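Take these sequences, add in the hints, and give me the full structure.
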Amino acid sequence: MTHTAATFCRLEDYLGELRACLRRLPAAEVSEIVDELRSHVLDSAASNDDALTEDSVRAAIDRLGRAEDLASLYVTESLLSRAGRSGSPWPMLCGILRWATVSGAGLFAALGLAVGLVISASFFVAALHKPFAPSRAGLWRLDDGSLSLRLGFGAPAPGLELLGWWIVPLGLLLGACGLWLTLQFGRWCIRRYRRTPLEAL
Amino acid sequence: MQGIRNWEIQLRKGCLELAILASLAPGRLYGLEILRRLAERGLIVPEGTIYPLLSRLKHEGWVDSEWVTAEAGHPRKYYRLTPAGRHRAMQMARAWAGFAASLDRLLAPLGEEGR
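Heads up: the protein sequence lines correspond to chains R and E, in order.
The numbers in this note's numbering rise by one with no breaks, and the one at position 138 of the first sequence is 156.
The numbers in this note's numbering rise by one with no breaks, and the one at position 7 of the second sequence is 8.
Think of the hints as simulated: they come from the structure by calculation, not from any bench.
The model shown is predicted, which means the values in this text are computed figures rather than measured ones.
Each residue gets a CB set at the ideal place from its N, CA and C atoms; glycine is no exception.
Each hint should be verified, as a subset may be incorrect.
Estimated spans, in silico, between C-beta atoms of each pair [as the list claims (entries may be wrong)]:
1) R:Gly-83 <-> E:Glu-113: 37 to 45 Å
2) R:Asp-80 <-> E:Arg-81: 51 to 59 Å
3) E:Pro-47 <-> R:Leu-160: 54 to 62 Å
4) E:Gln-92 <-> R:Trp-184: 45 to 53 Å
5) E:Leu-19 <-> R:Leu-129: 44 to 52 Å
6) R:Ala-38 <-> E:Leu-19: 30 to 38 Å
7) E:Trp-68 <-> R:Gly-34: 38 to 46 Å
8) E:Gln-92 <-> R:Asp-80: 47 to 55 Å
9) R:Ala-38 <-> E:Asn-7: 55 to 63 Å
10) E:Arg-29 <-> R:Ala-23: 50 to 58 Å
As structure tokens, this is what we get:
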């Protein structure tokens with residue numbers, strides 16, 4: 019095989035670009051991806067006539083596609099895999115927000131997740147703020163008969179307070195249940211709607 | 002013609018995971034070998050898409066991988082089915098066989114018209 023400096027230079031430039039686009043992933047994962055693609059290009063470039071030339075390396079790189087597009091597939095797959103396994107909302111939010119940028123199903127999941135997280139957070143805030151703003155945090159029945167969950171900010175609510183200090187344990191319980199249901203919804207969306215990377219092409 | 006092409010692409014997308022798991026059933030392969038095995042069976046997959054999918058299959062626990070230094074002089078990452086992956090592939094293959102048999106029966110009159 020004939021290897022020239024230019025042959026490897028082109029390959030390393032491509033892999034450097036890919037590495038830069040993968041910076042959101044853990045360093046060990048990035049190294050593994052880069053090593054695998056280097057191996058792929060070397061095999062693919064040498065597969066036809068056993069001669070590794072600048073042209074054959076360029077053709078192998080072209081067949082892999084733009085580094086930016088390839089990195090985007092990896093990042094989406096990795097974040098979604100972590101989101102599916104994680105029990106905390108942050109990886110789930112990162113993964114599904116990323117998914118929302120490349121697919122309609124991801125957008126649907128992100129909207130559902132956002133609604134669930136906002137409702138859960140509202141119960142937590144109302145419960146935790148009650149000791150500091152007892153006349154402004156809690157559940158009220160307003161004068162027009164509607165219910166209002168007050169988070170403890172702004173003017174005191176008009177109408178009748180319903181739960182009193184019970185908002186603290188109930189708010190925490192409902193917030194935790196809401197968060198659990200929201201994470202389950204996120205996992206269900208990933209299992210149900212995630213497709214192959216071909217979808218992104 | 003474009004409509005048929007799009008439909009075919011959607012069909013391939015849905016089967017790619019099964020195709021990759023099935024290609025690994027006889028033994029371990031590295032990425033380029035998987036692509037070649039699929040191509041031999043008429044399944045042309047864009048090269049860049051297979052690695053993120055293999056990464057997902059690994060995260061799911063259906064394949065695992067190991068680095069092996071090859072005769073070519075550089076290391077290659079080989080994939081093999083895990084027991085869970087083999088079970089998954091068998092379940093998918095059974096579902097596919099049932100679906101294909103039903104569809105074949107439904108399509109039989111169209112085949113006779115085409116003759």
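For each hint, the structure was consulted:
1. Distance hint check for Gly-83 (chain R) and Glu-113 (chain E): the Cβ-Cβ separation is about 43 Å, which falls inside the suggested range of 37 to 45 Å.
2. A beta carbon spacing of about 30 Å between Asp-80 (chain R) and Arg-81 (chain E) contradicts the range 51 to 59 Å that was offered as a hint.
3. The given range of 54 to 62 Å is respected by Pro-47 (chain E) and Leu-160 (chain R), whose C-beta atoms sit roughly 58 Å from each other.
4. Separated by about 49 Å at the C-beta atoms, Gln-92 (chain E) and Trp-184 (chain R) satisfy the suggested range of 45 to 53 Å.
5. The hinted window of 44 to 52 Å between Leu-19 (chain E) and Leu-129 (chain R) is violated, with their beta carbons roughly 31 Å apart.
6. Separated by about 34 Å at the C-beta atoms, Ala-38 (chain R) and Leu-19 (chain E) satisfy the suggested range of 30 to 38 Å.
7. The hinted window of 38 to 46 Å between Trp-68 (chain E) and Gly-34 (chain R) is violated, with their beta carbons roughly 21 Å apart.
8. A beta carbon spacing of about 37 Å between Gln-92 (chain E) and Asp-80 (chain R) contradicts the range 47 to 55 Å that was offered as a hint.
9. Here the CB-CB span from Ala-38 (chain R) to Asn-7 (chain E) is close to 34 Å, at odds with the stated 55 to 63 Å.
10. Look at Arg-29 (chain E) against Ala-23 (chain R): about 34 Å separates their beta carbons, and that is not inside 50 to 58 Å.
Going down the numbered hints, you'll see the structure goes against 2, 5, 7, 8, 9, 10, while the others check out.
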